[in-house]
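S.K.: Chains A and B, in that order, give the protein sequences. Counting with this note's numbering, you get residues 1 to 258 for the letters of the first sequence. Counting with this note's numbering, you get residues 1 to 640 for the letters of the second sequence.
Be careful, since some hints might not be right.
[Said to hold, decoys possible] Calculated pairs, DSBU-like style, for lysine-lysine (alpha carbon to alpha carbon, straight line, at most 35 Å):
#, chain 1, residue 1, chain 2, residue 2
1, B, LYS404, A, LYS138
2, B, LYS281, B, LYS567
3, B, LYS178, A, LYS121
4, B, LYS281, A, LYS179
5, B, LYS390, A, LYS138
6, B, LYS281, A, LYS121
7, B, LYS452, A, LYS138
8, B, LYS277, A, LYS193
9, B, LYS128, B, LYS202
10, B, LYS202, A, LYS138
11, B, LYS202, B, LYS568
12, B, LYS277, A, LYS66
13, B, LYS409, A, LYS138
14, A, LYS193, B, LYS262
15, A, LYS121, B, LYS202
16, A, LYS138, B, LYS568
17, B, LYS128, A, LYS138
18, B, LYS178, A, LYS138
19, B, LYS330, A, LYS138
20, A, LYS16, B, LYS258
[Claimed, not checked] Here are some, though not all, of the chain B residues that point toward chain A, as calculated from beta-carbon distances under 8 Å:
#, residue
21, LYS258
22, LYS262
23, GLU271
24, ASN278
Keep in mind the hints are simulated off the structure, nothing from the lab. No residue lacks a Cβ here, since even glycine has one placed at the ideal position from N, Cα and C.
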Amino acid sequence: MPILEIDNMTKVYEGKVTHRAINQLSFTVEEGEFLAIMGPSGSGKTTLLNMISTVDEPTSGTILMKGVDPHQLPENELAYFRRRELGFVFQNFNLLQTLTVEENIVLPLTLDNQSVDEMEKRLTMITERLSLTQILHKRPNEISGGQAQRTAIGRALIHRPSLILADEPTGNLDSNTSKDVLELLMQVNQEQKTTIVMVTHDPIAASYCDRVLFIKDGEFFNEIHKDDRRQMFFQRILNVLSLLGGGQVGDLSTIRLP
Amino acid sequence: MTFRQFAYRNVIRNGRIYAAFFMASCFSVSVFFIYSMLMFHPDLGKGILGDVSIVGMAGAEVILVLFTLFFLFYSMSAFLAARSREFGILLHLGMERRQLNRLIFRETMLIGVTSIIIGMIFGFSFSKFFFMIVREMLQLDSLPLYLAWQPFLLTLGVFFSAFMMISYVSVSFSKEHKVLDLLRGVDQVEAVTPYSKARGIKGFVYIILAYLLAMLAPHVNFLVTLIVFIPILVTFGTYYFFSDTILLILAIIRKQRKLNWKRYRLLAIAEQTHIMKNNAKMFFVVTMVSTLAFLSVGVLAAMSSYTTQYNLVNPMGLIYKGDANNPYEKEHINSLLNQLEERGLSYHLTRFDVVKQTSTATNRQVEVLRESDINRLLYSNNYPIVSLAKGEGMFIPNTEEDLKILKNKRVETVLQENDIPITIDRVYPRVIFPKAIISVNAIIISDEDFEKLWYITSNPHIKQPVYHLFTFDINRWVETKDIRLEPDPYEGVFNEEAPYYLENAGLNYSYIVATYSLFTLVGLLVATVFLLASGSFIYFKLHAALERNQQQFEVLQRMGLSDYEMKKLVNRYLFPQFFVPWGLALLHCTFVFAALQVFLKDLINISIAKEVILAFSFLVLIQVVYFYLIRWRYLSHMRP
Chain A
1 MPILEIDNMT KVYEGKVTHR AINQLSFTVE EGEFLAIMGP SGSGKTTLLN
51 MISTVDEPTS GTILMKGVDP HQLPENELAY FRRRELGFVF QNFNLLQTLT
101 VEENIVLPLT LDNQSVDEME KRLTMITERL SLTQILHKRP NEISGGQAQR
151 TAIGRALIHR PSLILADEPT GNLDSNTSKD VLELLMQVNQ EQKTTIVMVT
201 HDPIAASYCD RVLFIKDGEF FNEIHKDDRR QMFFQRILNV LSLLGGGQVG
251 DLSTIRLP
Chain B
1 MTFRQFAYRN VIRNGRIYAA FFMASCFSVS VFFIYSMLMF HPDLGKGILG
51 DVSIVGMAGA EVILVLFTLF FLFYSMSAFL AARSREFGIL LHLGMERRQL
101 NRLIFRETML IGVTSIIIGM IFGFSFSKFF FMIVREMLQL DSLPLYLAWQ
151 PFLLTLGVFF SAFMMISYVS VSFSKEHKVL DLLRGVDQVE AVTPYSKARG
201 IKGFVYIILA YLLAMLAPHV NFLVTLIVFI PILVTFGTYY FFSDTILLIL
251 AIIRKQRKLN WKRYRLLAIA EQTHIMKNNA KMFFVVTMVS TLAFLSVGVL
301 AAMSSYTTQY NLVNPMGLIY KGDANNPYEK EHINSLLNQL EERGLSYHLT
351 RFDVVKQTST ATNRQVEVLR ESDINRLLYS NNYPIVSLAK GEGMFIPNTE
401 EDLKILKNKR VETVLQENDI PITIDRVYPR VIFPKAIISV NAIIISDEDF
451 EKLWYITSNP HIKQPVYHLF TFDINRWVET KDIRLEPDPY EGVFNEEAPY
501 YLENAGLNYS YIVATYSLFT LVGLLVATVF LLASGSFIYF KLHAALERNQ
551 QQFEVLQRMG LSDYEMKKLV NRYLFPQFFV PWGLALLHCT FVFAALQVFL
601 KDLINISIAK EVILAFSFLV LIQVVYFYLI RWRYLSHMRP
């Protein structure tokens with residue numbers, strides 16, 4: 001059953017220079033899927049993610065999440081929808097500097113007015129899984145990048161959302177920490193059947209996913225599915241990327257006749 | 001583009017950011033200018049403002065300048081901190097520090113000079129209006145507008161040097177930071193919040209101790225020690241309160257998950273910790289200034305209540321009191337009558353004989369007045385007439401307070417010397433004489449009984465066994481202030497040896513009005529400055545934290561914070577900043593006035609509670625308006 005259905009979505013930024021960021025894009029995400037969205041800079045990845053996270057509205061086309069169009073919801077309902085159904089992981093972590101690690105993690109629950117017992121229960125579960133128990137009382141600027149991103153993942157997971165949106169989660173991390181974070185996301189996806197949509201530049205990060213969707217200039221370009229072996233999958237991603245980035249190559253491929 | 005053009009364009013194109021700072025500067029300049037206009041007013045030397053001393057006003061101006069300096073410096077540094085990224089980029093592009101300093105200096109001077117000019121124009125155009133208010137308030141005949149070079153020169157000199165100083169000092173700001181820090185922004189959150197538990201407790205204890213002392217002050221004799229001691233305690237207590245006590249309380253709350261993990265509280269408390277830690281000094285200054293402003297407004301209100309009640313307490317214009325053997329009596333009364341006639345003041349003269357007797361009921365002296373004497377006075381004053389039968393007596397209340405006590409009192413007594421039995425069972429329903437004239441124990445008896453007072457008291461403790469009272473009931477009593485006794489060999493009203501005494505309500509009133517006007521002017525000044533400052537401080541501080549807060553709210557909105565919830569959260573961010581310093585200042589003042597109320601009641605018997613509460617509610621109202629205004633600006637910055 002698809003958890004996210006995007007149909008013919010178009011986003012046009014009006015202004016002095018009209019800019020079409022997304023052009024008639026359609027795709028679906030199945031429940032429990034780990035999807036990566038790749039594309040060169042300016043291809044509309046972040047715009048797409050903003051629209052899925054409902055902070056931005058499409059000019060035309062529809063988004064259905066669990067059969068509901070969040071953009072049709074009244075403002076307060078929309079906020080509640082975001083708070084309960086979505087989790088976010090950002091490139092620069094976006095932890096609140098004034099809060100400690102544990103406070104950052106429980107933040108979504110406090111906003112939703114949960115009981116302290118419940119919060120503590122979930123906090124222990126999550127922190128043990130993410131091995132954050134040692135640093136619970138530290139501030140975000142006292143911990144390493146990997147720890148910060150794990151904290152952010154904790155914050156995205158604690159309210160058990162149906163969809164996690166990750167925007168370049170490894171963009172600020174070194175290769176080893178990146179690997180840890182990606183494996184963690186993969187584990188979460190497999191064990192809890194949490195659906196994850198991740199926007200990334202990094203082919204290695206994309207290779208951890210079930211499926212990779214490529215977009216270029218706001219349009220659908222290609223999509224490939226996971227292999228048995230991650231190495232092979234990585235290779236195929238690179239191939240598509242070379243097509244995608246090559247400009248000329250891409251143009252040629254579209255006019256090739258059978 | 002030359003360097004000068006660059007600085008100029010920076011200011012012009014950053015207009016919106018500069019606007020707040022510019023307006024604040026303009027406002028300080030014009031307030032200062034208006035006061036200088038008053039201070040240099042040519043009529044002031046002629047004593048048109050009563051006895052308002054120029055020294056008092058000059059003192060107020062000095063305080064104003066010092067505070068403005070602090071305020072401008074604070075605004076400037078908050079403002080530079082908000083622009084740190086811009087400076088970072090300039091340094092990154094290869095600008096020398098020296099050049100950057102020159103840039104900041106030029107920009108500040110540009111704003112400074114412009115705001116001095118605009119402020120003076122603005123101030124001058126409003127000084128007529130201000131003079132009108134002052135004239136109305138001090139009941140002067142006229143206070144004309146004038147044009148002189150002194151106020152302009154003073155304002156220019158003071159503020160030019162102030163801006164020079166601020167530019168130099170704020171230039172040193174950029175030296176402390178590295179380019180990278182500037183690029184990141186200055187408002188970084190530090191890892192740990194340092195505070196000292198001991199000082200936190202000290203702050204709390206000092207304030208409580210000061211309050212206790214203030215409550216005790218009117219009841220003990222070492223008043224002077226307390227007047228010195230309490231402000232010191234309060235000052236230190238307030239400082240520790242903001243630097244440590246609040247942080248201590250917040251830290252304790254943060255440790256209690258049950259208390260802390262509640263909806264908006266988690267974020268609000270964390271934010272407050274950050275705000276308090278970074279702005280303890282500012283909050284301290286705001287609190288102390290607010291306390292001063294509140295005090296002056298409160299004193300003002302009290303004074304105005306005193307002046308309006310003055311006529312009630314002193315219904316007579318002039319009262320002359322003399323011993324039976326006073327050799328100057330005739331001469332004095334004649335001179336008083338002449339002086340009154342010279343001034344064309346109509347009067348109604350009543351003469352009293354007051355006899356002192358010993359009462360058997362209390363074994364103390366009692367002053368006895370005759371019924372027909374007092375009735376003549378009462379008649380001319382349109383007060384109710386007294387009618388007493390033989391053997392009846394009536395109390396004369398000294399104060400409103402007495403009136404309540406004596407109302408239901410009944411005394412059976414005998415005037416010992418002449419063996420006349422009197423039953424005193426009522427009190428005259430109004431205060432007739434001011435306090436200094438007749439003693440606490442004064443009664444009216446019927447003419448019949450009064451005739452029988454043959455024997456004068458032989459009690460050696462009683463001075464002036466018989467004295468004469470001359471009361472002048474004057475309608476235009478305010479105009480009697482220069483009436484003097486001639487000749488006056490004992491010089492002055494407070495000479496115990498003198499066989500005579502003159503109570504001049506008009507003169508007393510003129511002293512009060514003069515003090516009142518001084519307080520009015522100083523109080524107005526302080527209140528204006530405080531209005532300017534307390535809101536603006538917070539505004540500039542918010543400006544510095546804007547970027548971090550914007551980022552924070554963006555994250556929260558993504559996480560699903562509705563607009564309504566955001567407003568709630570912003571309320572919780574802003575509310576303590578506005579109302580904790582204010583609340584503490586109000587609390588300080590409440591205790592001062594509570595003490596003062598008790599003290600004043602003993603002294604002049606007026607109640608200031610009503611006026612003070614009224615003035616304070618007005619101030620609170622203004623602060624609430626300020627709060628909503630700034631919240632509105634803040635929200636408009638925070639919304640995407």
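S.K.: Each of the hints needs a verdict: does it hold here or not?
M.R.: Hints, verified against the model:
1. A distance of roughly 67 Å separates the Cα atoms of LYS404 of chain B and LYS138 of chain A; the hinted pair therefore is violated under the 35 Å criterion.
2. For a cut-off of 35 Å, the pair hint linking LYS281 of chain B to LYS567 of chain B stands: about 27 Å separates their Cα positions.
3. Under the criterion of a C-alpha separation no larger than 35 Å, the hint pairing LYS178 of chain B with LYS121 of chain A is inconsistent with the structure, at around 44 Å.
4. Distance hint between LYS281 of chain B and LYS179 of chain A is unfulfilled; the C-alpha atoms sit about 47 Å from each other, more than 35 Å.
5. Of the supplied pair hints, the one linking LYS390 of chain B and LYS138 of chain A is violated, its CA atoms being roughly 92 Å apart against a limit of 35 Å.
6. For a cut-off of 35 Å, the pair hint linking LYS281 of chain B to LYS121 of chain A is broken: about 41 Å separates their Cα positions.
7. Distance hint between LYS452 of chain B and LYS138 of chain A is unfulfilled; the C-alpha atoms sit about 96 Å from each other, more than 35 Å.
8. Simply put, LYS277 of chain B and LYS193 of chain A have alpha-carbon atoms about 44 Å apart, too far for the 35 Å limit, and the pair is violated.
9. Simply put, LYS128 of chain B and LYS202 of chain B have alpha-carbon atoms about 50 Å apart, too far for the 35 Å limit, and the pair is violated.
10. Distance hint between LYS202 of chain B and LYS138 of chain A is fulfilled; the C-alpha atoms sit about 28 Å from each other, no more than 35 Å.
11. Restraint check for LYS202 of chain B and LYS568 of chain B: satisfied, since their Cα atoms lie roughly 33 Å apart, inside the 35 Å limit.
12. In summary, the hint linking LYS277 of chain B to LYS66 of chain A is not supported, as the alpha carbons are separated by about 46 Å, beyond the 35 Å threshold.
13. The straight-line distance between the Cα atoms of LYS409 of chain B and LYS138 of chain A is roughly 74 Å, outside the 35 Å bound, and the hint therefore fails.
14. For the given pair, LYS193 of chain A sits about 30 Å from LYS262 of chain B by alpha-carbon distance, which is consistent with the 35 Å threshold.
15. Restraint check for LYS121 of chain A and LYS202 of chain B: the C-alpha separation of about 39 Å exceeds 35 Å, so the hint is violated.
16. Straight-line distance between C-alpha atoms of LYS138 of chain A and LYS568 of chain B comes to about 27 Å, which keeps the hinted pair within the 35 Å bound.
17. For the suggested pair LYS128 of chain B and LYS138 of chain A, the alpha carbons sit about 61 Å apart, so the restraint of at most 35 Å is broken.
18. Between LYS178 of chain B and LYS138 of chain A the alpha-carbon distance is near 26 Å, which keeps this suggested pair within the 35 Å criterion.
19. Pair hint LYS330 of chain B plus LYS138 of chain A does not hold up; C-alpha atoms about 92 Å apart against a cutoff of 35 Å.
20. Between the alpha carbons of LYS16 of chain A and LYS258 of chain B the distance comes to roughly 52 Å, so the proposed pair goes past 35 Å and is violated.
21. Of the supplied interface hints, the one on LYS258 of chain B holds, with its beta-carbon coming within about 5 Å of a beta-carbon of chain A, less than 8 Å.
22. For LYS262 of chain B, the interface hint holds, since its Cβ comes within 8 Å of a Cβ in chain A; the closest pair sits about 7 Å apart.
23. Taken as an interface hint, GLU271 of chain B checks out: its beta carbon lies about 6 Å from the nearest beta carbon of chain A, inside 8 Å.
24. Residue-level restraint check for ASN278 of chain B is violated (minimum Cβ-Cβ distance to chain A is 11 Å; threshold 8 Å).
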